[in-house]
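A.B. asks: Produce the entire structure from the sequences given, and follow the hints as far as they go.
Those protein sequence lines, which keep their order, are chains A and B.
So the first sequence is numbered by the numbering used here: it starts at 1 and just counts up by one.
So the second sequence is numbered by the numbering used here: it starts at 257 and just counts up by one.
The reader is advised that the hints may include incorrect statements.
[What the hints assert, rightly or not] Ranges between beta-carbon positions, derived for each pair:
(1) A:V51 / B:G302: 46 to 56 Å
(2) A:R84 / B:G487: 23 to 33 Å
(3) A:A123 / B:H390: 50 to 60 Å
(4) A:A52 / B:N338: 25 to 35 Å
(5) A:Q139 / B:G302: 27 to 37 Å
(6) B:E465 / A:S119: 31 to 41 Å
(7) B:A443 / A:V228: 48 to 58 Å
Just so you know, these hints were derived from the structure itself, not from any lab.
Ideal placement from N, C-alpha and C gives every residue a C-beta, glycine not left out.
Number of protein chains: 2
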Amino acid sequence: MTADAQKFDRAHAVTSGGGGVRDGQNVTAVHDLLRRGIVTGQVPAGEISQVALARQLEVGRTPLREAIRMLQREGLVISEPNRRLRIVELSAPDAEELSVMRIALEGVAIRITVPVLGSGGIAELEGLTAQMDHYLRRQDHAGYALVHCAFHACLVAAAGERLTKMCAQLFDHAERYRVSFGTASLAVWNQRQSEHREIVDAATAGDSELAVLRMVEHYVRSAANVFVGLGGDYRPDRLRIACATVAPGSETSLAG
Amino acid sequence: MTADAQKFDRAHAVTSGGGGVRDGQNVTAVHDLLRRGIVTGQVPAGEISQVALARQLEVGRTPLREAIRMLQREGLVISEPNRRLRIVELSAPDAEELSVMRIALEGVAIRITVPVLGSGGIAELEGLTAQMDHYLRRQDHAGYALVHCAFHACLVAAAGERLTKMCAQLFDHAERYRVSFGTASLAVWNQRQSEHREIVDAATAGDSELAVLRMVEHYVRSAANVFVGLGGDYRPDRLRIACATVAPGSETSLAG
DNA sequence: GTGGATAGGTTTGTATCCAAGACTCGACGG
DNA sequence: CCGTCGAGTCTTGGATACAAACCTATCCAC
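C.D. replies: In structure tokens:
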């Protein structure tokens, strides 16, 4: 994380001068670097040429191209033949769709995982929550984000590898919206963190229904926060349906 | 489809002799070719070197590598550094997880789409069902598979582009299991097709609940069919939870 | 002044080459 | 007989070079 930031800063500093250090960069590393750059907004939405991006990231074009193909499959970039690379733009309908997918997948996933969370799983969730508390007190956004990601992954991990990977991917997209449009006030942050704790409490009590309900409300509030940043007057009809499906009763909280 | 089959056949015929025809193959084309090869079983699970695969597909190694990265992100292959490419193996737990994801996503998606299916959407579904009937009468598996894919995509298309793409991806995986382990008897085929028709009927009537219920049962039966081919004594606990979440009451049909 | 053709630069797509890492299998010592 | 080491082979990773496609700006005909 810190290394990435440095890399980006360094790249920024030598925008056109770039003395290329050619260490054996793995494709995975380039993929991660670019993904984080997009998610955190350091690589802005819009068109960019591959060579320019390669210079900025200080990597070769060959691994970059393979990383681009992966990101294309994840939906973060669009690569049309003989056209420049396009970092996909953000929009309210897309944000809604993203929330729908997360609620659908994780709603089911949590119902699967809560009954099989042993004391080990609960301890892990508690530990991650404590770490998030720590970073929140220090107001360390980067550290919090990292643990936040692990927290949500931990909630669904027992449901299967495939599901976990997909949820992580959707988390990235959501994170991108949160970084770009979400309110970063301390009050909102504290609110989200208390929601996390309530989810853990429900899971600890073995109450799947309650855990799902709180998870859904957590996502709805997070999405609503993004919507106001994106334009305000957006009516998330699909989100309401998703909530009603996965956690009956939760859709009422969308009225507020 | 036919072209792909020919390509594979041709490649098979000249297993080691391959006179490479180097037309301007697009990465997307290579990706599609390999994806279909894996899904239909023409490229078997296991390890294979990139050069061998490139020869078999009669494409260059550069576009193949990019296609591999895409398939890696889709979960069809595993590519570890400096290791040979691995076409992922099939397993019962994975099949279950796949069904869970499909039920979760499409269960929500259908609830979203049914209310907004205009006469146009219903007509499209009817048309696709009629086409599937046609191919079923002719016992044309390939033709049926193509329309079958379009049918399921059509059911969720109105829920959003992202969701549709993801469902299509999951459809591919499921198709792979169906081709490898599903019973291909005419009776089973007719049964699935009648389930398709019932889903369309429910959608036409505007009954979201019923449509979801029938869709879920459709998937559960399809998954059960795969399970017997895979080994028999597999207990799909996660599947039951997914069904109960998305379509309360449907989980009872798992008992049979 | 406007529309279209064209030349130039820009960008992507692919093949080819070389280096680095991993695997194989045989030789050797215990 | 078994384990260990090492040379050779295989395979992938990355850079570079070049061709094809695209975009842009200019010029010319009307």
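A.B. asks: All hints, please: hold or fail.
C.D. replies: The hints, checked one at a time:
no., hint, result
1, A:V51 / B:G302: 46 to 56 Å, "37 Å, violated"
2, A:R84 / B:G487: 23 to 33 Å, "49 Å, violated"
3, A:A123 / B:H390: 50 to 60 Å, "58 Å, holds"
4, A:A52 / B:N338: 25 to 35 Å, "29 Å, holds"
5, A:Q139 / B:G302: 27 to 37 Å, "51 Å, violated"
6, B:E465 / A:S119: 31 to 41 Å, "39 Å, holds"
7, B:A443 / A:V228: 48 to 58 Å, "55 Å, holds"
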